[in-house]
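Engineer: Spelled out from the first residue to the last, the chains are:
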Amino acid sequence: MALAGRMMFRRGPAVDMKLMFAVVVIVTAGLVNLYSATSVYADTATRARLADIYVSQVYWMVVGGLLAILVAAIDYRHYERFAGILYAGGVFSCGLVFVLGNSTRGAVRWIQLGSFNFQPSEFMKVLLVLMMARHVHNDHKNEPRTLVDLAVPGLLITVPVVLVMAQPDLGTGLILSLTAATMLMMTRIRKRTLTAISIAAVSTAVLAWNHGMKQYQKDRITSFLDPEHDKTGIGWHALQSQTAIGNGQFLGEGFMQGTQNQFGFLPDQFSDFPFAVFAEDWGFVGCIFLLSVYCFICVYAIHVASQAKDRFGAALATGIGALIFWHAVFNIGMAIGVLPVVGVTLPLFSYGGSSVVTTLVGLGLLMNVSMRR
Amino acid sequence: MALLGQRSDVGEFRRRYRWLVLAAIGTFLVLVGRLAQLQIVQGDLHRAQARKNIIRERSLATTRGVIRDTQGRVLAANRPSYNVHMTPAEVDLTETWPTVVKLLAIEEPEKSELERKIKDIQTLPSKEEKKRGQQLLLKVDVDRDAVAYLETHARELKGIEVSPQPVRYYPYGELGAHTVGYMREVGSEDLVRLEERGYRAGDRLGAVGVERRWESYLRGVRGFKKIVRGVSRRDDVQEVESRYLEEPRRVEPIPGRDISLTLDIDVITSIEKAFHGQLAGAVVVVDVRTGRILAASSKPSFDANVVSGGSGVKAVADTFRRLNADPLKPSLDKTISAAYPPGSTYKPFSALAALADRLLDPTTEVDCHGGYEYGKRFFRCTGVHRKVHLHEAIVQSCNTYFYELGARVSIDKLASVGLDYGFGVKTGIGINPEARGRMPTRSWYTRRYKEAFRGGFTLLSAIGQGATTVTVLQLALAYAALANGGTLYQPQVVRSIETSDGTVVQDFPPRVRRLIEPDQEHLAWVKAALEGVVTEKNGTAYKERSRDVDMAGKTGTAQVSHVTPRGVDPGKVWYFNRDHAWFSGYAPSRSPEIAIVVLVEHGGGGGKNAVPIAMRVVRDWQKMKEKRLSAKDDAAVGTKAN
Chain W
19 MALAGRMMFR RGPAVDMKLM FAVVVIVTAG LVNLYSATSV YADTATRARL ADIYVSQVYW
79 MVVGGLLAIL VAAIDYRHYE RFAGILYAGG VFSCGLVFVL GNSTRGAVRW IQLGSFNFQP
139 SEFMKVLLVL MMARHVHNDH KNEPRTLVDL AVPGLLITVP VVLVMAQPDL GTGLILSLTA
199 ATMLMMTRIR KRTLTAISIA AVSTAVLAWN HGMKQYQKDR ITSFLDPEHD KTGIGWHALQ
259 SQTAIGNGQF LGEGFMQGTQ NQFGFLPDQF SDFPFAVFAE DWGFVGCIFL LSVYCFICVY
319 AIHVASQAKD RFGAALATGI GALIFWHAVF NIGMAIGVLP VVGVTLPLFS YGGSSVVTTL
379 VGLGLLMNVS MRR
Chain H
108 MALLGQRSDV GEFRRRYRWL VLAAIGTFLV LVGRLAQLQI VQGDLHRAQA RKNIIRERSL
168 ATTRGVIRDT QGRVLAANRP SYNVHMTPAE VDLTETWPTV VKLLAIEEPE KSELERKIKD
228 IQTLPSKEEK KRGQQLLLKV DVDRDAVAYL ETHARELKGI EVSPQPVRYY PYGELGAHTV
288 GYMREVGSED LVRLEERGYR AGDRLGAVGV ERRWESYLRG VRGFKKIVRG VSRRDDVQEV
348 ESRYLEEPRR VEPIPGRDIS LTLDIDVITS IEKAFHGQLA GAVVVVDVRT GRILAASSKP
408 SFDANVVSGG SGVKAVADTF RRLNADPLKP SLDKTISAAY PPGSTYKPFS ALAALADRLL
468 DPTTEVDCHG GYEYGKRFFR CTGVHRKVHL HEAIVQSCNT YFYELGARVS IDKLASVGLD
528 YGFGVKTGIG INPEARGRMP TRSWYTRRYK EAFRGGFTLL SAIGQGATTV TVLQLALAYA
588 ALANGGTLYQ PQVVRSIETS DGTVVQDFPP RVRRLIEPDQ EHLAWVKAAL EGVVTEKNGT
648 AYKERSRDVD MAGKTGTAQV SHVTPRGVDP GKVWYFNRDH AWFSGYAPSR SPEIAIVVLV
708 EHGGGGGKNA VPIAMRVVRD WQKMKEKRLS AKDDAAVGTK AN
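As you go down the protein sequences, you meet chains W and H in turn. Position one of the first sequence corresponds to residue 19 (my numbering), numbered consecutively onward. Position one of the second sequence corresponds to residue 108 (my numbering), numbered consecutively onward.
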């Protein structure tokens, strides 16, 4: 890929090798870990199919990688013009889910496209980042922003978040809000306004708890606060995940040797809890390594932002960094029991085409900004 | 054309990058901190939990010790029984369930209850939760045909499992049931307390009698075998097991200790026969030279097999409901746990008290006109005995003589002699809750009645009435002490403890509780009178004597306080108002070996109702002794001939 990059931009910008290297490390570790996570199904009669999902994950990585190269090749400043249309398309497909969607476990998230299940809410993450970057780019002023100034970006965030939450997909809604909010935090906002927003956020949360949230969503939070008395099994999942991670101890049980994973004690180990599998196999040492790489990408995104030529690039890089950051923090946080289980993927570790492609496209955008600073 | 407007001002962001970086790194450090806590600080804890998840300790059942009588005959053993369990998540409600219901004859309320439970578990959302669904007990002690069917069709009947569970078996059923005891299931309330001693839900433990008292010896220690979950499905069993299983991987169970009792089931059987025709009462036979209990029978009895749980929880509960509702109190051990007024069988001890204080001697003469005037009250006698001395007074059971004795002796002296012979205190036999009985004293009366002590109380105590109560066991041990010349023995039911291969682990030699040291002359006068009760023409036991039985003793007819127990049919009140019939004695009369006490509750007169039982039991005992002696001689001759 690196070679291809150089060939493509012979006289243009050079590929950022540090970022490329970090991404390759995560992709590799993610695939290896997925292999370990699904190997438990190899011997079973009914779920043997699952043992092979790492192969389709490879396909998705290839697709995502190619898309990322494509995205990185075109100067990011072009995207500013199309951000509005892309955003509108994303919101539209999020709405379309309710009409065409496939339902799993009581939530409508997917749209069938040919033989693929396509999850608009995943792509919405990058589209929102683009849209927010565009807004931040055009909204420059010297005095701090007031509540009125924040009305437009607030609306831009609220529409997709409401649609996603209604699916219902708490995790994605949360990621969308936090990522966009992080991007807004880059601009100057009046202290009073911030206070007002915080109060509004808290009261909204209370209202949502009392009226808007589904019982299973509430259960996730109550079981996080009191896992021992959980009746739904979610708290049990969280406990098993922590046991798996603790069982890794310092050096880990070894690749494909984690018993919590191999004996089927980890629920959703290839979507929600791949980190537990990794931590059990590779121990504290492996975890430090993995966290360092994620941390590097996030910090590096800010570094790229700080060197960007324009507000759009800076906001875009920050947004992608925030996206990776919140994903990683929430996923690992729920695996280690410091955050409730809200179903957030671990970038490039969790199984899922939409998620992998979105993340890689996002990283392509980051690469794009990095190459043109 | 410029890609973006020229007004791009990135300066606004500048100051915030540093904070974002710090926030990001800080957050990751929090995660690292938590990881360090999970993986390093609590690492061992979580590893232990992870191992616990995959390792199953399959317990290896132990066998409960066997209880034998003094001749080595089995009184309590184990028999195999089979329980059927089901794993609700795996049961096929439409295909196999009807077959199972029919085979096990599961009845209606239970059937729909089980079906409801199966449906509840099968409709749980996730697979993990279904897996966690525990096994339910379907039926206990299934007959052999059903077991055979279930085992041959194990493949089709998914989720149905047969598990062997040994059940306690009492070959003699009702005989000696109170003493040997029975088992009960560990209840959920006492599981909390018993868990640390290794009991689990569904275990059984001794509920009463020897089974209870010697539980820790009889029980044995469960073994276990560690296995890795689902390992049988893997092809690397050896490797997996050696990796995850810590030594020891298998610990064999230790069988419980066997216990040999002092009881002789032949004597108990003969009591059972002799008691035929009487409703309720108790008999104790002790060896006067050792204090060992040869027989203890409490009537009515119950079948220890039924209450020990082999037939299921419901059957046990029903049986107990019936036993507890019965006014004849079959579950009460009347040899130990209940105290009765001894009536005239207590007179020898009153006599010894008066003799010890030199308040009378054999020449003391009392004229019996059918009663005794004391203060304003008239105390009735059983008849008009005319001029009686100590000997005739005991032989004919003259109350008037003993009223006179009661007027002379102090109540505290009566009590202190009674205490010497073991009345009023627990004997310390160790099985079943023991009644203490009562030897009333002056201070007891003042405390009890809050008024001045009256001399009439002593008169009643002297004839074993009033507030005086004794247990059948106490009376038997006291008569044994009379018979052996004044040694009060510790009663024993357990003779020795053995390992399952018969090696004696612990032996229990006779233990003397007290050397009473009565004046041997006084004792001789009393014993002569006790002989006379049976052998003299006007003795109270004379009419019911058997020519071939050599026995001395004393009859008793104890008045019953006319308070009818609750729940008694008014039509049967006459029965509960009848006197208790007693006989206490020892045999042979000149060189005593056993002491026997017979109590027939509400039996009426002691001479008529209690004596025949004692006669028959002693006659059977004599025959048995001769038979055993000649068998021994034959054996001895046999070895010589060889």
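None of these hints come from the bench; they were simulated from the model. Since the structure is predicted, the reported quantities are computational estimates derived from the model, not experimental observations. It is possible that some hints are incorrect.
[Stated by the list, open to error] Calculated lysine to aspartate or glutamate pairs in the EDC-like style (CA-CA distance at most 20 angstroms, straight line):
#	chain 1	residue 1	chain 2	residue 2
1	W	K327	W	D157
2	W	K327	H	E258
3	W	K159	H	E119
4	H	K246	H	E258
5	W	K209	H	E258
[Claimed, not checked] What follows is a set of in silico ranges between Cβ atoms, one per label pair, in the way DEER data are often shown:
#	chain 1	residue 1	chain 2	residue 2	range
6	H	P355	W	S74	54 to 60 angstroms
7	W	S74	H	E222	39 to 45 angstroms
8	H	E217	W	I217	57 to 63 angstroms
9	H	R356	W	S216	56 to 62 angstroms
10	H	R262	W	L88	55 to 61 angstroms
11	H	K226	W	I103	51 to 57 angstroms
12	H	E222	W	G113	55 to 61 angstroms
13	H	I147	W	S74	32 to 38 angstroms
14	H	E222	W	D286	29 to 35 angstroms
15	W	G113	H	E164	43 to 49 angstroms
16	W	S216	H	P216	56 to 62 angstroms
C-beta: ideal position from N, C-alpha, C; glycine also.
Engineer: Could you run down the list of hints and mark each one as holding or not?
Structural biologist: Quick rundown of the hints versus the structure:
no.: 1; hint: K327/W with D157/W; verdict: holds (16 angstroms)
no.: 2; hint: K327/W with E258/H; verdict: violated (79 angstroms)
no.: 3; hint: K159/W with E119/H; verdict: holds (9 angstroms)
no.: 4; hint: K246/H with E258/H; verdict: holds (15 angstroms)
no.: 5; hint: K209/W with E258/H; verdict: violated (77 angstroms)
no.: 6; hint: P355/H with S74/W: 54 to 60 angstroms; verdict: violated (46 angstroms)
no.: 7; hint: S74/W with E222/H: 39 to 45 angstroms; verdict: holds (42 angstroms)
no.: 8; hint: E217/H with I217/W: 57 to 63 angstroms; verdict: holds (59 angstroms)
no.: 9; hint: R356/H with S216/W: 56 to 62 angstroms; verdict: holds (59 angstroms)
no.: 10; hint: R262/H with L88/W: 55 to 61 angstroms; verdict: holds (58 angstroms)
no.: 11; hint: K226/H with I103/W: 51 to 57 angstroms; verdict: holds (53 angstroms)
no.: 12; hint: E222/H with G113/W: 55 to 61 angstroms; verdict: violated (45 angstroms)
no.: 13; hint: I147/H with S74/W: 32 to 38 angstroms; verdict: holds (36 angstroms)
no.: 14; hint: E222/H with D286/W: 29 to 35 angstroms; verdict: holds (32 angstroms)
no.: 15; hint: G113/W with E164/H: 43 to 49 angstroms; verdict: violated (55 angstroms)
no.: 16; hint: S216/W with P216/H: 56 to 62 angstroms; verdict: holds (59 angstroms)
Hint compliance for this structure: hints 2, 5, 6, 12, 15 are not met, and every other hint is.
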